[in-house]
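Q: With the hints as constraints, model all of the structure from the sequences given.
Here is how the chains run, residue by residue.
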Amino acid sequence: MAFDAEAVIRTAHLARISLPTAEVPAVAEQLERIMEMVEALRNVPTGGVGGMAHPLDLEQPLRPDIAQNPDRREALMQNAPAVRDGLFLVPKVIE
Amino acid sequence: MDLSEASLRELRDALRSRRVSAQELARFYLDRVAAHNPALNAFITITEAEALAAATAADGRLAAGEEGALLGIPMAHKDIFCTEGVRTTCASRMLEQFTAPYNATVVERLQTAGMVMLGKLNMDEFAMGSSNETSHFGAVRNPWDLQRVPGGSSGGSAAAVAAGLVPAATGTDTGGSIRQPAALCGVTGIKPTYGRVSRYGMIAFASSLDQGGPLAKTAEDCALLLEAMAGHDPRDATSHPEAAGVFASTLDAPLQGLRVGVPEEFFGAGLDPEVAAAVEAGIRVLAAQGAVIKPIHLPNNAHAVSTYYVLAPAEASSNLARFDGVRYTYRAAGVEDLTDLYQRSRYEGFGAEVRRRILIGTYVLSAGYYDAYYLKAQQVRSLIREDFRRAFAQVDVIVGPTTPTAAFALGDKAQDPVAMYLADIYTIAVNLAGIPAMSIPCGLTAGGLPIGMQLMGNYFTDGLLLNVAHRFQQETDWHRQRPALASAKE
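Each protein sequence line maps, in turn, to chains A and B. Residue 46 in full-length UniProt numbering sits at position 46 of the first sequence, and the numbers go up by one each step. Residue 391 in full-length UniProt numbering sits at position 391 of the second sequence, and the numbers go up by one each step.
None of these hints come from the bench; they were simulated from the model. Predicted model only: the values in this text are computed from it and were never measured. All residues carry an ideal CB built from backbone N, CA and C; glycine is no exception. Don't take each hint at face value.
To be verified - A short, non-exhaustive set of chain B residues, derived as facing chain A with CB atoms under 8 Å:
hint : residue
1    : S208
2    : D337
3    : L338
4    : R344
5    : A377
Claimed, not checked - Here are a few chain B residues that sit away from chain A, every Cβ distance over 10 Å (derived from the structure):
hint : residue
6    : R9
7    : P38
8    : Q147
9    : A276
10   : E336
11   : A484
A: Below you can see the structure in the form of structure tokens.
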């Protein structure tokens with residue numbers, strides 16, 4: 001079994017999602033079912049097959065190295081829940 | 001002319017000949033939205049004032065003699081496309097109050113073409129779902145049967161077009177999210193070749209799979225819309241240099257000699273017999289026009305759903321890491337410290353399905369599991385692409401069902417994620433390969449629900465698919481069937 005309660009708690013921590021303890025068993029069961037479906041891939045022979053990360057075999061495009069930095073700070077920060085003086089506010093991290 | 005039934009070409013002709021103004025058209029459709037949206041819940045945001053202003057501008061351009069194919073025609077965007085100054089929610093609590101600071105390229109292009117946006121359409125949260133039930137703003141109802149789902153994730157788009165609330169809508173398709181709702185609502189939709197339509201300003205779910213496209217009543221309408229939407233965009237690194245295309249001028253090409261592949265794997269167990277019969281009848285319509293029907297095999301399609309549920313969640317877990325409670329609107333109240341802020345904002349801001357996919361993605365990418373899941377899925381993805389390469393060496397298009405069943409009842413699969421995922425069993429392989437595909441109406445069940453037929457093509461044969469679909473629609477009237485809408489006043 002891939003997803004026991006401990007694996008769910010560990011993964012939720014990695015994903016920075018605080019899952020209430022009461023929800024862990026139900027989530028574990030659903031994730032386990034999904035992973036059972038995914039496990040079928042193990043039986044597909046893929047020896048010597050390269051991985052495909054992307055549909056198009058394109059080279060990474062480059063643009064001329066010219067600075068483009070219009071000042072849109074205010075517009076881009078307007079959706080933040082808490083800002084002051086052009087900075088994002090978060091709880092104190094240094095005592 | 002019943003404006004709610006009119007094609008884009010008919011609307012354009014009416015606008016050019018001054019039988020109707022863009023203002024009147026916008027008013028007409030806004031009134032339909034007001035009358036029917038309460039029952040359907042297809043719109044998250046209605047932008048009436050902006051629409052009327054855009055219509056006035058379009059009337060000015062028409063009066064000045066401009067002749068664009070889409071000028072003055074109303075539409076609505078899936079709420080995944082950023083619209084400057086207009087709320088863009090992705091149907092998530094996380095972005096409930098998010099106002100985009102810029103326009104998506106698709107929005108910009110259709111705006112430049114003179115289309116009049118009426119609002120933003122409901123969808124599954126962050127496009128993760130096949131029924132529209134994961135929306136923070138509530139499920140969309142299927143206009144053919146209000147107790148059934150419209151499909152997803154572009155369910156609002158498909159329902160709005162089917163109900164005649166808009167003549168056209170945008171959608172996005174990561175694993176079937178344009179085609180599956182198009183099939184379930186009886187409309188026409190195309191997922192273009194990956195790289196045709198810019199992803200700039202289209203909120204990312206799984207970047208190597210996401211592709212925007214149109215939903216409308218006919219293939220011809222989709223061709224006109226795709227011509228305006230497609231094109232190279234330097235702001236999207238995956239935009240193809242030859243993304244632009246002309247699709248409307250080749251719609252009438254004859255199908256004589258067209259090689260049509262029918263994958264046997266798409267007609268096995270799990271396919272509803274009514275859907276199978278309708279699609280088989282559809283294939284006979286193509287044969288009657290001179291197409292040569294050949295059985296083909298896509299053996300690795302059986303692994304598509306499993307492959308997808310490794311790769312799409314992996315990409316999603318990375319893309320959605322940006323929603324941290326610091327930069328994008330939603331933040332949990334009364335947090336203890338920074339970690340608590342991240343964790344609680346993400347728990348409260350995301351719905352259960354989005355959280356589930358983030359957890360799956362995080363898990364398959366975590367130390368010790370990467371090779372077993374992520375790398376393995378990438379290899380199987382190669383095999384799925386190889387299947388299509390082999391098939392397209394023998395045939396020009398592949399035809400099969402879009403979905404295993406017609407629209408299912410609300411709540412039917414909501415508690416069983418795996419059952420829900422299997423609703424996309426015929427659509428997912430296309431996204432993994434990156435090829436174009438569309439869904440067109442090809443029948444109705446005995447219970448009066450639409451059935452969709454899927455056309456798949458090789459890379460950059462979007463025009464051929466639209467041509468085949470258009471010829472099909474010249475011979476059939478399934479795309480003209482409309483649901484009987486109850487009046488809101490009843």
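Q: Would you settle whether the hint for L338/B is holds or violated, based on the nearest Cβ-Cβ distance to chain A being less than 8 Å?
A: holds (5 Å)
Q: Verify that the Cβ of A276/B lies farther than 10 Å from every Cβ atom of chain A, and report whether the claim holds or is violated.
A: Non-interface label on A276/B holds, nearest chain A Cβ at 24 Å vs cutoff 10 Å.
Q: Is the Cβ of E336/B farther than 10 Å from every Cβ of chain A?
A: At roughly 7 Å from the nearest Cβ of chain A, E336/B sits no farther out than 10 Å, so the non-interface label is violated.
Q: Please check whether D337/B passes as an interface residue: C-beta within 8 Å of a C-beta belonging to chain A.
A: holds (5 Å)
Q: With 10 Å as the threshold, tell me whether P38/B passes as away from chain A on beta-carbon distances.
A: holds (29 Å)
Q: Would the non-interface assignment of R9/B survive a Cβ cutoff of 10 Å against chain A?
A: holds (32 Å)
Q: Would you say A484/B is clear of chain A, with no C-beta pair closer than or equal to 10 Å?
A: holds (38 Å)
Q: According to the definition I'm using, a residue is off the interface if its beta carbon is farther than 10 Å from all beta carbons of the partner; does Q147/B meet that for chain A?
A: Holds, because the least Cβ-Cβ distance between Q147/B and chain A comes to about 25 Å, which exceeds 10 Å.
Q: The hint names A377/B as touching chain A; please verify it with the least Cβ-Cβ distance against 8 Å.
A: Since chain A brings a Cβ to about 6 Å from A377/B, closer than 8 Å, the hint holds.
Q: Given R344/B as an interface hint, is its Cβ closer than 8 Å to any Cβ of chain A?
A: holds (5 Å)
Q: Given S208/B as an interface hint, is its Cβ closer than 8 Å to any Cβ of chain A?
A: Result: holds, 5 Å to nearest chain A Cβ.
The structure shown violates just one earlier hint, number 10.
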